[in-house]
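Numbering (my numbering), first residue to last: 24 to 323.
FYI, nobody ran anything at the bench for these hints, they're computed from the structure.
Backbone N, C-alpha and C fix where the C-beta goes; we use that ideal spot for every residue, glycine too.
The reader is advised that the hints may include incorrect statements.
For each label pair, taking beta carbons as the anchor points, the in silico distance ranges come out as [to be verified]:
1) Asp243 <-> Glu154: 25 to 33 Å
2) Tyr135 <-> Arg178: 42 to 50 Å
3) Arg255 <-> Glu185: 40 to 48 Å
4) Thr242 <-> Ala81: 30 to 38 Å
5) Gly217 <-> Gly85: 24 to 32 Å
6) Arg253 <-> Leu213: 41 to 49 Å
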Amino acid sequence: MAAVAGFIVWVVLDLSEVMESRVVSRNGSLSHRYADGVTHEESDRAFRLAYAPGVTPAKWVGVWAERMPEVPLTLVSAPAAEVVGVLHGEGADAGFVRLPVDRDGLSVIPLYVETTVVVLPKDHALTAGDEVTVGDLADEEVFHPLDDVLEWTARPGLPAFERPATTADAVPLVAAGTGLLVVPLSLARLYDRGDLTYRPVPDAPQSQVALAWPTDRTTDLVDDFIGIVRGRTANSSRGRTPAAPVEKAAAEKKPARRQAGKPGQGGKAGQGGKAGQGGAGSRAVPAGRGKSGKKGRRPR
């Protein structure tokens, strides 16, 4: 019985691990792993991408799966305030952060700015308009969770009875009618529920999403992902270009220069020009003769 019980526990743990980590590989499936659960073995065989709540890297992950099927991509979920720490701690190779962040030791590419919205009950009076201003919130209790990603010079509205630890914790309080919540649009959609809605707040601070990575760990895989995020094509000259196209181009120009040389001068028998030229140089010798004048074998 003890052996059977041990086997059952092992199976449960194994299934739990599988559920926590799925990998983007040849079939394009998505991998999720929390920041403290990335092993050294995984880091050697996968590109690890951290992201803050609300950021949706699915588009870029899909392109990666198409272009780099031999390199799995692991998504590392982390609170917005901890993504930079994950990068410095080598828990991820690159990550999507919400600006501003401490850029010391980081390379940062700003990507896009999000619309700011107020989350409120569907029957709230402020839903009557298409937009809500910061001034409209003056007499409303507004939650400001500890993980607030907006840079306020002065927080809007009246202080709520508590400061929730996270935005996720604040959403049920809004649904209970005890206050409102101002967040980037992506977070409003992430925590959407049937009894809540949202309205844009055009004069509120906005959250900007950026791609960041440790400058001293700008690897080839990081460069590949930067190219994907910037919209480069697979054959873009600004990305890592395979050697073959460059060598082929050089080889195609070589015959013209050889034809202009001494007549009858070709390469050694069976040699197609310099290494890497794919045999293009050998075609510049009409008779296929080497320096000795003897017929050489034609390159296959």
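Each hint, compared with the structure:
1. The hinted window of 25 to 33 Å between Asp243 and Glu154 is violated, with their beta carbons roughly 46 Å apart.
2. Between Tyr135 and Arg178 the CB atoms are about 25 Å apart, so this pair departs from the stated range of 42 to 50 Å.
3. A hinted range of 40 to 48 Å for the beta carbons of Arg255 and Glu185 is consistent with their spacing of about 47 Å.
4. For Thr242 and Ala81, the Cβ-Cβ distance of about 23 Å falls outside the hinted range of 30 to 38 Å, so the restraint is violated.
5. For the hinted restraint 24 to 32 Å between Gly217 and Gly85, the CB-CB distance of approximately 29 Å keeps it satisfied.
6. Separation of Arg253 from Leu213 is about 25 Å and departs from the stated range, judged on CB atoms against 41 to 49 Å.
Going through the hint list in order, the structure does not satisfy hints 1, 2, 4, 6.
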